[in-house]
Amino acid sequence: MALILPSAALCRYPLGALRTHPIDELRAKLHDGSAVVGGVLSGTSADGIDVALVRFERAAELGTPRVLAFDTLPFEAELALRVRAVLDGAPTGLRECALLSRDLGRAFGRALRDVARRSALEPDLVGSHGQTVWHHDGCEASGAATLQLGDGDEVAEHSGCAVVSDFRTRDIACGGEGAPVSALADDLIFAELPRPAAVLNLGGMANLTFLSDEAALDARAFDCGPANSLLDGLARRLLSQPFDRDGARAMQGTPHKALLDELMAHEFLKRAPPKSTGRDTFGESWVLSVVARARAMGVTRDEDLLATAADFVALSVARALREHGAPVHWLVVCGGGVHHARVMNTLALHCPHPLASGADFGVDPDAREAVVFATLAARNVLAVPTTKPNATGARAGRALGKLSWPVLA
Numbered sequence: 007m008a009l010i011l012p013s014a015a016l017c018r019y020p021l022g023a024l025r026t027h028p029i030d031e032l033r034a035k036l037h038d039g040s041a042v043v044g045g046v047l048s049g050t051s052a053d054g055i056d057v058a059l060v061r062f063e064r065a066a067e068l069g070t071p072r073v074l075a076f077d078t079l080p081f082e083a084e085l086a087l088r089v090r091a092v093l094d095g096a097p098t099g100l101r102e103c104a105l106l107s108r109d110l111g112r113a114f115g116r117a118l119r120d121v122a123r124r125s126a127l128e129p130d131l132v133g134s135h136g137q138t139v140w141h142h143d144g145c146e147a148s149g150a151a152t153l154q155l156g157d158g159d160e161v162a163e164h165s166g167c168a169v170v171s172d173f174r175t176r177d178i179a180c181g182g183e184g185a186p187v188s189a190l191a192d193d194l195i196f197a198e199l200p201r202p203a204a205v206l207n208l209g210g211m212a213n214l215t216f217l218s219d220e221a222a223l224d225a226r227a228f229d230c231g232p233a234n235s236l237l238d239g240l241a242r243r244l245l246s247q248p249f250d251r252d253g254a255r256a257m258q259g260t261p262h263k264a265l266l267d268e269l270m271a272h273e274f275l276k277r278a279p280p281k282s283t284g285r286d287t288f289g290e291s292w293v294l295s296v297v298a299r300a301r302a303m304g305v306t307r308d309e310d311l312l313a314t315a316a317d318f319v320a321l322s323v324a325r326a327l328r329e330h331g332a333p334v335h336w337l338v339v340c341g342g343g344v345h346h347a348r349v350m351n352t353l354a355l356h357c358p359h360p361l362a363s364g365a366d367f368g369v370d371p372d373a374r375e376a377v378v379f380a381t382l383a384a385r386n387v388l389a390v391p392t393t394k395p396n397a398t399g400a401r402a403g404r405a406l407g408k409l410s411w412p413v414l415a
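Residue numbers (the numbering used here): 7 to 415.
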């Protein structure tokens, strides 16, 4: 029987015109340190779009990411209102959910292009986390699930580069909590941090990563409880402001002991790791219940309620360190909460370890989460396994995320 070859018109790589596959080209650039990789997300606080652009130092597998540019861009007003409504529990139908995922993907892609253009950089790859709109609290009877909006294909179309997105779902598919996935990149991001150490992220939720001084031991990680989801939620409710800048109003208050004790008795804080949480537990309805309980207990000054909430965030972290941590040289704080004076002061008083900012070890505390997703995107393209049982409970050996290519013709 004669061998029938495909015609050149039907073959992507015609005979006699061998080409390197785009993924091989991208891998080569990652290995030689020339690739520009972006990370883009809107965190649980939904206070804007964080964009970081990095290069990785040359290494056998993947080196330390070095930030070339970072910025936080505001949502367009109409999109911000839609995101806020979904996060605060407004009824959302399938049509609205689909349109919001599309429009967030476009916004993330455009934000990446804007920062790249202003920085005179040409990105090769971007890790897009998306906007978390639902995440299980560990009590879902049918098992863990999560949902991030911001379609990766839309990000690819509007950024013009390859995109890895939807990181959390693979972690859950292989038995994990789906969070905190930042622990799966901290070994590279905090390469200069003396081990053993702990990294605290004060974003919408507070979570901890423990980095061991033994190379054979994986990072441990878990959520501690709410952070800016509570602090910013109270600021919107009490101050008509998106947040209490630098914790200034909280610094003027006196914490209410009975309310603080009641908050510290929350069931989530009693659970052992691995564990994660989200706005299904610590969202707008819970924030409103905290306000109502405070008023019922006679807390009339807004500053006193803000001070109580700030101390709760800090003390829940200190409790997690005591009950589930290990001796470390440093507790390194990242995320928006690093700017909250009362949270940081209370942490310093009650934390069993010396406190530092990510900036003290070469990591911009505001950029850390965006750098996480740039790192996870690079590891996806290089097919580097990232799942770790000690971090999220997921079975080992999986790379997270789904890859969307830009125009290849």
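Incorrect hints may have been included.
Derived pair list, reagent style DMTMM-like, types lysine to aspartate or glutamate, alpha-carbon separation capped at 20 Å [unchecked claim]:
{"hint": "1", "residue 1": "K35", "residue 2": "D53"}
{"hint": "2", "residue 1": "K408", "residue 2": "E31"}
{"hint": "3", "residue 1": "K263", "residue 2": "E309"}
{"hint": "4", "residue 1": "K263", "residue 2": "D310"}
Pair ranges (Cβ atoms, derived) [to be verified]:
{"hint": "5", "residue 1": "A264", "residue 2": "R124", "range": "24 to 34 Å"}
{"hint": "6", "residue 1": "T306", "residue 2": "Q247", "range": "14 to 24 Å"}
{"hint": "7", "residue 1": "E220", "residue 2": "R124", "range": "24 to 34 Å"}
Hints are computed from structural coordinates only; laboratory data are not their basis.
None of these values were measured; they are calculated from a predicted model.
We put the CB at the ideal spot given by N, CA and C, even for glycine.
field: 24 to 34 Å as the expected CB spacing between R124 and E220, which holds or is violated
entry: Given about 42 Å between the Cβ atoms, the range is violated.
query: Has the hinted range 14 to 24 Å been met by the Cβ atoms of T306 and Q247?
result: holds, 19 Å
message: Run the distance test for K35 versus D53: straight-line Cα separation, threshold 20 Å.
response: violated, 33 Å
- prompt: Are the Cα positions of K408 and E31 separated by 20 Å at most?
  reply: Within the cut-off at roughly 18 Å; holds.
- prompt: Has the hinted range 24 to 34 Å been met by the Cβ atoms of A264 and R124?
  reply: violated, 50 Å
- request: Decide if the proposed pair is consistent with the structure: K263 and E309, CA atoms, cutoff 20 Å inclusive.
  value: holds, 14 Å
message: Next pair to validate is K263 with D310; report whether the Cα-Cα distance is within 20 Å.
response: holds, 10 Å
The structure shown violates the earlier hints numbered 1, 5 and 7.
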